[in-house]
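Colleague: Listed below are the residues making up each chain.
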Amino acid sequence: MINKEVSSVAEAVADILDGATVMIGGFGEAGSPIELIHALIDQGATNLTVVNNNTGTGEVGLAALIKAGRVSTMVCSYPRSANSKVFPELYRSGHTALELVPQGTLAERIRAGGAGIPAFYTPTAVGTPLGEGVERRTFDDRDYLLVRGLTADVALIKGRAADRHGNVVYNKTARNFSPLMAMAAKTTIVQAASVVPIGELDPEVVVTPGIFVHRVVAVPNPGHEAELVAAGVSYP
Amino acid sequence: MINKEVSSVAEAVADILDGATVMIGGFGEAGSPIELIHALIDQGATNLTVVNNNTGTGEVGLAALIKAGRVSTMVCSYPRSANSKVFPELYRSGHTALELVPQGTLAERIRAGGAGIPAFYTPTAVGTPLGEGVERRTFDDRDYLLVRGLTADVALIKGRAADRHGNVVYNKTARNFSPLMAMAAKTTIVQAASVVPIGELDPEVVVTPGIFVHRVVAVPNPGHEAELVAAGVSYP
Amino acid sequence: MAQRCALDIQNGSYVNLGIGIPERVAAYVPQGREVIYHTENGMLGMGPPPEPGTGDPELINAGKQQVTANPGAAYFHHADSFAMIRGGHLDVCVLGALQVSERGDLANWSTGAPDAIPAVGGAMDLVAGVKTVYVITQHTTRDGEPKLVESCTFPLTGLGVVDRIYTDLAVIDVVEAGFQVVELSPGVSFESVQERTGAKLIPGGTDGS
Amino acid sequence: MAQRCALDIQNGSYVNLGIGIPERVAAYVPQGREVIYHTENGMLGMGPPPEPGTGDPELINAGKQQVTANPGAAYFHHADSFAMIRGGHLDVCVLGALQVSERGDLANWSTGAPDAIPAVGGAMDLVAGVKTVYVITQHTTRDGEPKLVESCTFPLTGLGVVDRIYTDLAVIDVVEAGFQVVELSPGVSFESVQERTGAKLIPGGTDGS
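Protein chains in written order, with our numbering: chain A, 1 to 236; chain B, 1001 to 1236; chain C, 2001 to 2209; chain D, 3001 to 3209.
Quick caveat, the hints were computed from the structure, so don't treat them as lab data.
There could be a bad hint or two in this list.
Unchecked claim - Which stretches of chain B does chain C cover? Using the computed rule of at least three CB atoms under 8 angstroms from a CB of chain C, they are: (1) 1114-1122; (2) 1161-1169; (3) 1203-1215.
C-beta atoms are modelled at their ideal positions from N, C-alpha and C, and glycine is treated no differently.
Next comes chain A alone, as it looks inside the complex (with noise of 0.2 angstroms):
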């Protein structure tokens, strides 16, 4: 039998190496593992690669991460936000590097490395900054810049629902980045709100089939980002 669940979020993330590329679902808070990136805090890994849209805000979950001191690089492409404090000062400090990637690159070059596709051509960025350096070329009198697919060691991912096989479904706009990465990470880690029994998913609504995930986890009342922190929160 297959069976994908693991007991608890410490057990899903206890294998993650230092030096990990880490890619971890979510826009904001919609769709942020809080509680698997918790159990990352508390496993200790660090001098982590860490692949996400934005930086996290106040001091839970992705931003507890960053100030734990655990992550070398950022990989993102929009690492200001409202209550973003944590990583401006790391980032100044020199302790977290950062790779900017326009957002709609970022998706797809992560959506390359889970498709076996190295290398593709995208119009976005060029004649900016972000295009500098980049290796161009001219199709059809248009420039575009040669951009590679993007891997990772492990995703950490948020589901509303998944079953024994890893097959997910999201919610809402908490989707966003989580279908690409799972695809993307040699080991998808996904915390769903409910672990539902096989065959409860409808084949035809499954967004997330399970070849791409490795492990699921009930984490049934997953925290709120923007609650946590207006309570003031701070991990751990």
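Please arrange chains B, C and D on chain A, whose structure you already have, making use of the hints.
Modeller: Quick look at chains B, C and D alone, frame taken from chain A:
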């Protein structure tokens, strides 16, 4: 108000021009928009480049379009099937040319075309006759071929249900190439077994969002190719 | 500005509105026009903010504010969302600007200040892919410096991408020859707009401008 | 052959079975192992053919035969399906062969006959992307010509892609040095297999071969 529904398959395909590139959804008979294809035969456009995984069976649907002499080039991965008799004849006579593309490369080229990606690299077909003469490049010690995105003037698509915005859901493995072709065509025309009121399709399960769809036509009881072929039907 | 811009949003358009003033365009689209709003984090058919207490923190827009889903909405992942953008499927995007050049170059993501945290989001994707790019901006900076210029001095978002600019003083198209005035705000003269613009304006308005 | 191959399919594997004899592997996977079948036209969790009269002509496999969906199945479009293949997410594919070379080159899509309609389907994608490629084939052609050869003469499907070959005579791995016999069929001698093979065989079986 937005209303993409048109009242007949004839109206839906009325403006397709001679020489157009037409993507036709379906893998074998699953997802084949037979009624739209028959309307296109009646409409008369010729010298078409048709993109489909196969070349149809019997003398209905795609095979009937080919038999009517309307297709100057087929772009496909598998132009041979148990009941595929029409294409081999016109191919051997030189009437219909063939661009043979590996199935996964075909799918990805169509997606790229729809996603504004002019070209990408793929490992598929390196070292094979289909890789001969194709630009090659090494990334991380592996060889890849450079292939171009594929777009079309028109896509003909079969859905299970659609709404007036053009949102579409499919039936099982009839999905196949259709969501990709819908992205890659200037004009995407969908025949749906039912056109449902707006709001009836759950936003979580829409497969092709309406932005990719330009016309919707209800075809309540679409024919099944295998049944038509078994019954010896020949269109027109 | 948002109100004037809204007049140019046609029925049936697929539209992406940038954070800030561009968002206000939605409120002014003339009655009878059905417009579908795209938010690049993954939805078509975005509706207004939820009634207090009814929102879902996982139903948000690109500005990370809670929104609603209109009937006919669809959710999708980021690669599909930016396929819509990059693939030219969106009709209009409306963005803010730091500077626009007379060739249509846009600078709106960075002032180039050395201590600023660079952050680009989806702006470069939008201007590279969306069919028509509208800019809404004050005509000058708070210090009175022109924002419409011969060449941008701030880091670029895209080259030759802006189609039309809505400022507090005028509506201006970017045409082959440069900035063409299409419309002046009530009580504003062509000359006064020219004075506040860092490049030569071409008259072209139907109102005599 | 299919039965022997099935022994090597591990619990939890994601497997794509080619049309024909490879399809039969599913029937022989040992009890207690749960294997998930992928069909490249767009499904994971493919089940056996439907009971007569219960099928759906739009629920088919890559061979265009009606199948069923097991609990836990998922449908997806072709780009996602081949992302699974090209991206290295499938564990095993089992294919037929016209020829396999001692370097693991596979020819299985075309005899190169000038009047044949060329047709490749997903074979080139599968061998380029799937982690482990198994081939099931008769050891020789109907005319007794070897199918395991030093170099393929038929057009290639992929270069250096085959990991293991199951024939009526033996199980043979493609290793650095060439064809290594892993197992002989009952009553078959190493020498008789060598006689029917177009390249040098390396002994390596635990059964003394």
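Colleague: Could you run down the list of hints and mark each one as holding or not?
Modeller: Right, here's what the structure says about each hint:
no.: 1; hint: 1114-1122; in the structure: holds (count 4)
no.: 2; hint: 1161-1169; in the structure: holds (count 4)
no.: 3; hint: 1203-1215; in the structure: holds (count 7)
The structure meets every hint from the earlier list without exception.
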